[in-house]
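Residue numbers (our numbering), protein chains in the order written: chain F, 4 to 251; chain Y, -11 to 612; chain L, 77 to 471.
Quick caveat, the hints were computed from the structure, so don't treat them as lab data. Errors might be hidden in some of the hints.
In the BS3-like style, the derived pairs of lysine-lysine whose C-alpha atoms are separated by at most 27 Å in a straight line are [what the hints assert, rightly or not]:
id, chain 1, residue 1, chain 2, residue 2
1, L, 444, L, 361
2, L, 470, L, 120
3, L, 361, L, 372
4, Y, 455, L, 190
5, L, 466, L, 256
6, Y, 380, L, 466
7, Y, 380, L, 470
8, L, 119, L, 466
9, L, 232, L, 278
10, Y, 455, L, 403
11, L, 166, Y, 455
12, L, 190, Y, 380
13, L, 119, L, 362
14, L, 403, L, 362
15, Y, 455, L, 101
Listing some non-contacts, in silico: residues in chain F with all C-beta distances to chain Y over 10 Å [what the hints assert, rightly or not]:
id, residue
16, 100
17, 212
18, 217
19, 238
Under 7 Å between C-beta atoms, here's a sample of chain F residues computed to sit facing chain Y [said to hold, decoys possible]:
id, residue
20, 76
21, 79
22, 81
23, 85
24, 94
25, 95
26, 106
27, 112
28, 117
29, 118
30, 119
31, 120
None of the values given here were measured: they were computed from a predicted structure. Even for Gly, the Cβ is constructed at its ideal location relative to N, Cα and C.
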Amino acid sequence: MSALVVKNLSKAYGGVQAVDDVSFSVAAGELLAMIGPNGAGKTTCFNMLNGQLAPDTGSVEFEGRRLTGLAPRAIWRLGVGRTFQITATFASMTVRENVQMALLSHRRRLGALFPVAAHQYRDEADALLGRVGMRDQAERACAVLAYGNLKRVELAVALANTPRLLLMDEPTAGMAPGERNELMQLAADLARSSNIAVLFTEHDMDVVFTHADRIIVLAQGRLIAQGTPADVRADPRVREVYLGSLHA
Amino acid sequence: MSSSAIAIQFLNGLASASSLFLVAAGLSLIFGVTRIVNFAHGSLYMLGAYMAYSLVEYFGRTPLGFWGGVMIAGLAAGLIGAVLEIVLLRRLYQAPELLQLLATFALVLVIKDFALWVWGPEDLLGPRAPGFDQAVAIAGRAFPEFDLLLIAIGPVVLGLLWLLLTRTRWGTLVRAATEDREMAGALGVNQAWLFTGVFALGSLLAGIGGAINIPREPATLGMDLSIISDVFVVVVVGGMGSIPGAFLAALLISVIKAFCIGIGEVHAFGIDFSFSKLTLVVEFIVMAIVLVIRPWGLLGRPSAVARGPGTVEDPLRAPPRPLLAFGAAMLAILVLMPLLSDAYTLVLLGDILVFALFSVSLHFIIGPAGMHSFGHAAYFGLGAYGAALALKHLMPMEAALFAGPLAAALGALLFGWFCVRLSGVYLAMLTLAFAQITWSIVFQWDTFTGGSNGLVDVWPAAWLGSKTAYYYLTLALATAGILLLWRMLYAPFGYALRAGRDSPLRADAIGIDVRRTQWAGFVLAGLFAGLAGAVYAFSKGSISPEVVAIPRSVDGLVMVLLGGIQTLTGPVAGAAVFTWLQDTIARNTDFWRATLGMIILVLVLAFPRGVTGMLRRRFMREPA
Amino acid sequence: MKLTQRIVAGAVIALAAGSAHAQVKVGELNSYKTFPAFLEPYKKGWQLALDEINASGGLLGQKVEVISREDGGTPGDAVRVAEELLAREKVNLIMGTFASNVGLAVSNLAAQRKVLFIAAEPLTDKIVWENGNRYTFRVRPSTYMQTAMLIPDAVKLKKQRWAIVYPNYEYGQSATRWFKELMAKAQPGVQFVGEQAPALGKIDAGAVAQALADAKPDAIFSSLFGADLQKFVREGNLRGLFKNTVVFNLLAGEPEYLDPLKEETPDGWYVTGYPWNEINTPAHKKFREAYQKKWKDYPRLGSIVGYSTMQTVANTIRKAKSAETEKMIEALRGMEMDTPIGPIVWRAVDHQSTMGAYVGRLARKGDKGVMVDWKFAPGDQYLPSFEQIKGWRKE
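Make the full structure from the sequences, and use the hints.
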C-alpha cells in the first residue's frame, strides 16, 4: 500500500507554472528520489507536501488522509518527519535538547511550566542520537556543530515521532562526498528496518543512484520520467534535460 | 468644518509632515542598512534645532544667514552622526541583539545634558524665516508663506533621496544592504564605510529637520523624546527602510492630526467627544491599525528584523553550585537587611526588587521568546492601576495586590493576540502602540483613573504598613515571581518559547504552535509585570500615568540589556545596577543624566554581553 | 554588639532631634532636570533666602541646612527621594515639587508619614482641596486663584463667544473648568464656542490657530505656557488670529514664559505674571537687588516662589520655636508673613497661602515682551467661600 499519494499537484507563481500536474506515490519502506535540474519545481513540490505552501489544485494524501490545507505542525502530528535543505535546528540548545524537544512535542508535554525540560526523555533522545551516530556529541550546542553533524541531528529529530513518512529536502547538501553516502546509507537502513516511506530530493546523482529504490524526474514543473534507477538512467528525455551531465 | 476650513487644515497637515518626513527618512535609512533602533536620532534633531538657532543669531537674520545657518546645522549634525558611528556604534555591531539600542539610549542622556550645558534651560524660539515671514491669503484665510515652503520641501527631499538611491552606485549599495545584507557583502562593499555614510546622511536629515523647523518650533530640551516616538511611528507605518513609505506615513499622520484638530468637539448621541484630545494618541492608533492590517507597514517588505543576534546564546545549563550558593547568600543578606540597614535602604531595595521582577518578566519575552517588547510598561501600569482601583472600589489591599496582576494578564491576553502575529521591529512597535493607547486611556479617564494626576491614598493594609513589613512582602513576592519565571524557562514551555525564537520553521515542523506559545508567554510576562506594578503602587501610596508611559518601558529595556540579555540573572543585575546608579548619581551630581549615560556607555563598550555575561565568561570559563 | 551600638546610636539621634537646639534640616526636592527653565530660578530664590536666614543667625540658634534633591520628575521616584530625605537625612520637613502629580504624591506621603510638606510650585487645586491634608501647605497661587484673577477683566469686555485652548492635563483642564464656571456665573449667557486641548508640549499650532479662528470667537481663553505658548503665538500672529480677538492667557506674563516670546510678543493680551523690573515696593526692591547681586541675573517668578518657600520655613520654625511637625503645623496655620510681593496669610481652612499675582496686559517694547497696565491681585480676594472649601476637604 502506498503511504504517500500525490495527485495532479499544480502551483503557479504569477504566470509561471512552477509545478504542473504532478502525480506520484511512495510506498512504506521505499526510498523515492525526486530529481531535476535547478528550477524544476522540486522545492515548490516539497513545500506543498509538508504544508508550507498551499497547492492551486491537486491533492496530497498520507495513509488515506488528506494533507492539503493542514499546517506543517498538523502534518507532523500525523507521523510525517522532515529535514530541511538548509538545516533548521535550535541553535541555543544542545544536540540532545533538540531531540528532546521533538519527543516532548510528540508527547504533548511542551505546555508544562514546572518540570525541568532537560530531564525529560533523556534516554530516548540518546538512543535516537545513537542511531545517527551523534551520541557522543549530545552535550554540545547546535550552534557550534559542523554542518554534516547538523544534518544528522535533523535526522534524529525527524525520527523522534516515529514517523511513517520521512521528507528530506537535499539531505546531503553541503556535506563532503564521503559523508553523503554515509548519511544516506543511514537513512536507507532506518527506513527499511522501520518500514518508513522516504521521499528525498538530491543533487548528487551518485547518492541518488546508489540509494533510491525509485526515482521521479521533474523538469519545468512537469514529471517527465519515473521508474527504477536503471529505467531512469536509460530514459532519453532525462538525458536530454540534464544535457549529458548525468554521468552514468 | 466648511470646505475652505478643510482645505486649510489639509495644508496645515502637509506643512507639518515635511519636517517629520525629513527626520523619519533619516531614521528609516539608518535602520534599513544597519538594523539599529536608534533612539539618539531625536537628539540629533534637537541638536540641529539648537545649532541652527545659534548660527542664525550669529549670522544675522538675512536670507543667507538663515539658510546658511540651517544648512550648516544640518551638516554639523551629519558630522556628529558619523563620529558617533565610528567611535561608538561600530564597536557594537557584533554584540548581542538590541545592545546598540542601549548605547543610543545612553547617547540621548548625554546629549540632553550637553544641550542644557551649552544652551541653558530656556526655550529658544527662532526668528521667522527671512523672505518667508508673512502670510498669504488662501481660501479667505491667512496662511504662512513659510508653511507653503515646507509643503514644497518635503517632496523635493523625497525626490533628491530617490535620485540618490536609484541613480548612484552608493545608493544602489544602500538599497542592496537594506534588502539583503549578505548580498551587499557579496557586492564587495566596504561595509564599515557604508554604515558610516548612511549614519551621516540619516543624521544630516535629522539635523535639517530640526533646523528648518526653528521658525515654527522653539528649540527645547524636551524635543528629542517628543519627536522620536513620532518618527518611529512614521517609519513603521510607512514600512521600515522605505523612504516613500515614510513620506506617505508622515503625510497620513500629519493630515489626520490636523483634521482631528479641525473637527474639534463633536456632540453626537448625547456624548461629547473631543477629537482635539485624540491628538494625544492618534498616531499610535493609526499605527496599531496599519500593523494589524499590514504587518510590514504601508510600503514595507517582510523581513525587517531588528539587528539579528550577533552572537548566539549559549545553551541553558543548570545553575552551577557556586552561583546557587551566591544566590542563597544574597537572599540571606536580603532577609537580614532590616536588621543591618537604615529604613531608606529598605525603600531603595524595595524599588530594586520591584524593577528586578519587572525586568525579568520583560526578559522572559524579549530574550527566550525573541519578542522585542517596547511597551512592557503597559502591563506594569495595568497591574498598578488594577490594584489601586480594586482597592478603591472593590476589595481589601491583600486581595487587590493580586487583582492587579490579573488585570495586566487580561491586557496581555488582548494585546498579545495581535502582537504575536508580527515579528521584529513591527512587533516591538505594536507593543509600544498598545502601551501608548493604554497610557492615553489612563491619562484621559479622569473620573475613573484620576487622569494626569493619578490616584493617591493607595497604601498597604495596616499590618503591612511599616517599612520592614512591606519590604518583606516585596522581597517574598519579587523573589517568588523571579524564581517562577526562571523555572518556567527551564521547563518544556520555556524551551518551546526558545524553539520558536531559534527556528520558527523547525518549531512548526515538530508540532509546536509558535504563535500560541508566544501568546502564552506574553500573558505570563504580563502577569508578572503586573505583579511588579501592584507591589510598586502600594509601596508609593500613589500612582500616576507615568507608570504606563514610554520611559518606564525604556527603563525596563535598559535594565535587561545592561545586565545582559543572554543570561537569566542579567535582568536582575541590570535592575539593581540601573536603579542604584540612578538613585546615587541623581543625589550627588547636577548633570546626573549625562553621568548615567557615560557610565552606561562605558559598561556597554567594556561588557557588550552585559554585566553578568562578562562575569560568566570571566569566572566560568565557558567554551566560546 | 553591633546591633546594640546601632540601637543606642539611634536613640541618641532621636533624643537629639527632640531637643530644641538641634540643627534644622530641611529636605528639598524638585524636578530640576525636567523643568529647568522654571526651577533654576526657583533654586536661586531659596538659596538666597537660606543665605539671609543663616546670615541672621539661623534658626533655633543654629545654621539651617537644606538638603536638595533631584526628584526625577515622576511621582514614583519623588516618593523614593522623599523617603530618603526622611529616613536617611532625618529632615524636619520637606518642601518643593513642581508638577501636580508629583506634588500630590509627595503630599500623600507626607500625610502617611506625618511630616510637614510645603508644596512650592504645584498649581493643582486638589493639593489643598479635594486631596488636601493636615500636613500639606502650598505657596503659589493655585490654578483657581489665577483664573479668578482674570475673570473681572474678562467680564468687563462683555464678549459673548469664547474659544478655549489648554494643555491637555490637570492644570489646563482645571483652568478651563474654572473659567467656564466663573464666567457663566459672572456673565450669564456667555457662550463657549470651541475647545482645543493639545497634548502638553506637542501643540500643532498652525492647525489649532486655524481651528480656533474657524470657531469665530470674540475672545480666547488660553492656559498654554512654555514651548506650546511660543508656537501658538507665532502661528496666531502669522495667521492674524489675534487681530480682532482678545486673548486671556494664564501665566503668560511670567518672565519664564514671556521672555522667550521676544519680538513675537502679542499686544494687549490679558495675563497673570510677574513684571519684575517695575515692582518698586521696598520689599521687592530689596529682594531684587539682593538677588541680582548674588546671581548676576534678574529674578523670575520661580525665584519669588523659591524665596518665599524658604522664608515660610524660617517663619514657621521661629514662630513654633521648634522643628517638630505638630508644632510647626500649629504655627503655620493662620500665620502671617511678608514676601517680596506683599504680605500673605497661611489660611487655616485649606493651608493655602494668600500669595497674589500680577494681572496686566502684554506689550512689545523693542524686541522684548513686557507687562503693562498691571496691578497686583491679592490672593485672598480670589478664593471660593469657606463653606465650599470645607465641602471639598475631607478632614
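Hint-by-hint comparison with the structure:
1. L:444 - L:361: Given pair residue 444 of chain L, residue 361 of chain L holds - Cα atoms ~22 Å apart, limit 27 Å.
2. L:470 - L:120: Answer violated: residue 470 of chain L to residue 120 of chain L is near 36 Å, above 27 Å.
3. L:361 - L:372: With Cα atoms ~15 Å apart, residue 361 of chain L and residue 372 of chain L stay inside 27 Å; holds.
4. Y:455 - L:190: With Cα atoms ~14 Å apart, residue 455 of chain Y and residue 190 of chain L stay inside 27 Å; holds.
5. L:466 - L:256: 22 Å, holds
6. Y:380 - L:466: 23 Å, holds
7. Y:380 - L:470: Distance of about 16 Å is within 27 Å: holds.
8. L:119 - L:466: 33 Å, violated
9. L:232 - L:278: With a Cα-Cα distance of about 33 Å, the restraint between residue 232 of chain L and residue 278 of chain L is violated, given a limit of 27 Å.
10. Y:455 - L:403: 25 Å, holds
11. L:166 - Y:455: It holds: about 15 Å lies between the C-alpha atoms, which stays within 27 Å.
12. L:190 - Y:380: Answer holds: residue 190 of chain L to residue 380 of chain Y is near 22 Å, not above 27 Å.
13. L:119 - L:362: Status holds; Cα separation ~18 Å.
14. L:403 - L:362: With a Cα-Cα distance of about 31 Å, the restraint between residue 403 of chain L and residue 362 of chain L is violated, given a limit of 27 Å.
15. Y:455 - L:101: 22 Å, holds
16. 100: Residue 100 of chain F not clear of chain Y: closest Cβ-Cβ about 7 Å, inside 10 Å.
17. 212: 28 Å, holds
18. 217: 25 Å, holds
19. 238: At roughly 33 Å from the nearest Cβ of chain Y, residue 238 of chain F sits farther out than 10 Å, so the non-interface label holds.
20. 76: 5 Å, holds
21. 79: 5 Å, holds
22. 81: The hint is violated - residue 81 of chain F has no Cβ within 7 Å of chain Y, the shortest such distance being about 10 Å.
23. 85: 6 Å, holds
24. 94: Where the cut-off is 7 Å and the nearest Cβ of chain Y is about 5 Å from residue 94 of chain F, the hint holds.
25. 95: 4 Å, holds
26. 106: 9 Å, violated
27. 112: 5 Å, holds
28. 117: 5 Å, holds
29. 118: With a minimum Cβ separation of about 6 Å from chain Y (threshold 7 Å), the hint on residue 118 of chain F holds.
30. 119: Nearest chain Y Cβ about 5 Å off; hint holds.
31. 120: Holds - the Cβ of residue 120 of chain F comes within 7 Å of chain Y, reaching about 4 Å at its closest.
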